[in-house]
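Residue numbers (the numbering used here), protein chains in the order written: chain H, 1 to 224; chain P, 1 to 224.
A couple of the hints might just be wrong.
The list makes no distinction among identical chains, and a pair is therefore deemed to hold if it is satisfied within one copy or across any two copies.
When the alpha-carbon atoms are kept at most 25 Å apart in a straight line, the in silico SDA-like pairs for lysine to any residue are as follows [stated by the list, open to error]:
1) 150 x 6
2) 204 x 31
3) 204 x 181
4) 150 x 92
5) 204 x 35
6) 204 x 171
7) 204 x 79
8) 150 x 210
9) 150 x 120
10) 204 x 11
To be clear, the hints were calculated from the coordinates, so they are not data collected in a lab.
2 protein chains.
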Amino acid sequence: MDEAARSLSATGRTRLRRFPERGRTDRADLEAILDDGLMCFVGAVVEGSPRVVPMVYGRINDTLYLHGSVANQVLTAARDGAELCVSVTDVDELVLANSLFHHSVNFRSAMIYGRGRLVTDQREQVAGLRAAADQLVPGRSATLDAPTRKQLAATIVIALPLEEASVKVRQGPPNGEAGDYDRPIWAGVLPLTQTWGEPLSDPKLRTATAIPDHVADMAGRPLR
Amino acid sequence: MDEAARSLSATGRTRLRRFPERGRTDRADLEAILDDGLMCFVGAVVEGSPRVVPMVYGRINDTLYLHGSVANQVLTAARDGAELCVSVTDVDELVLANSLFHHSVNFRSAMIYGRGRLVTDQREQVAGLRAAADQLVPGRSATLDAPTRKQLAATIVIALPLEEASVKVRQGPPNGEAGDYDRPIWAGVLPLTQTWGEPLSDPKLRTATAIPDHVADMAGRPLR
């Protein structure tokens, strides 16, 4: 793909109003944030009011797959053509300035806008669900069968194109003002790390099924 | 406060449509999730479209304080009376079922609905900003002066009453179906922990200001 095609579109709502230098326009930055994330927050207008729900997600190339119950009002709104706004945000550090005003967080944040497409093709539905399981634990879905017809009938799968998106990244020390450094008030950043723990087997397992490598290998590792 | 007053209201949109047994109606559960969280995702309708933005927040009693730049479109919408939906969600474990369909996450999630009130009283503005800094690092704001008039003029502070809210918690092993346990496919949960790292001092500090105890003591500790 040529360079222009790998750039993110600029629209009125993806243009950053503050700190435009924190913006990223390379599609690779968007993909990296999505690939590093675990949950997304999906907004839609439901019965005239904003609604935000956390969801897992999966990415396949230039498409974000969302799924959930047919009772989920954000997904039924999406199925019926409502606009969506999806935020995926990783917090890396707290930014502890020597003034209250300049307190912040260091983050990598993606925001995707658009209307989803209801996935009706069964193979694509299953691919979307597999992508979501693999987003949780890489390699997970290869150990699992496709859902049953009944399970698929209870599920809405939405494909959201990664077309209109903005990416914002804050890194580094506080943006203190010159005068703030005249007094001995400490400033700096405090990192936050996410680490996988030891897996716990489901007590309903009938036999002592070994924990597979794709799960056991995660213990002690950072989120990504 | 009597028991009824400490319960969360039930409205059409706070009633859980799926897994109602995961709902919590005690206000203490709402407060615990807010106190344990770090970021919230704030939804509003901006120019007719849904918008979701990550923000820090602070809680004082039954009020959630949000703040940010006067250029933030969700905050200007809130200032102008728009409805908000705020999600605070902590993920504790991945739920790795032995079927694709039953994959999930164990989470504690709060959703708050309502219209915010623009805070115009300077003392309340500063209290809201201090609550947000203390939400990041308890004790932080006591080391810092109030913002300047100019800084406050560049900031919108919104007070959102904790009146209409829903709380949802998922815990425990996967909800596998009986037949899923006939085959030796592993199922269980994988914990995810968040831990503070070692603080890094701002290189712009002119003198070797000691890292204060309220920051130094966090290194190596879990998020909350």
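Structure-based check of each hint:
1. 150 x 6: Classified as neither; 39 Å inside a copy, 41 Å across copies.
2. 204 x 31: neither (37 Å within a copy, 33 Å between copies)
3. 204 x 181: between (59 Å within a copy, 7 Å between copies)
4. 150 x 92: Result: close neither inside a copy nor across copies, 41 Å intra and 29 Å inter.
5. 204 x 35: neither (32 Å within a copy, 34 Å between copies)
6. 204 x 171: between (45 Å within a copy, 15 Å between copies)
7. 204 x 79: neither (35 Å within a copy, 51 Å between copies)
8. 150 x 210: Neither. Shortest intra-copy (29 Å) and inter-copy (62 Å) distances fail the 25 Å Cα cut-off.
9. 150 x 120: Close inside one copy (14 Å), not across copies (54 Å); limit 25 Å.
10. 204 x 11: neither (51 Å within a copy, 36 Å between copies)
In summary, the numbered hints that this structure violates are 1, 2, 4, 5, 7, 8, 10.
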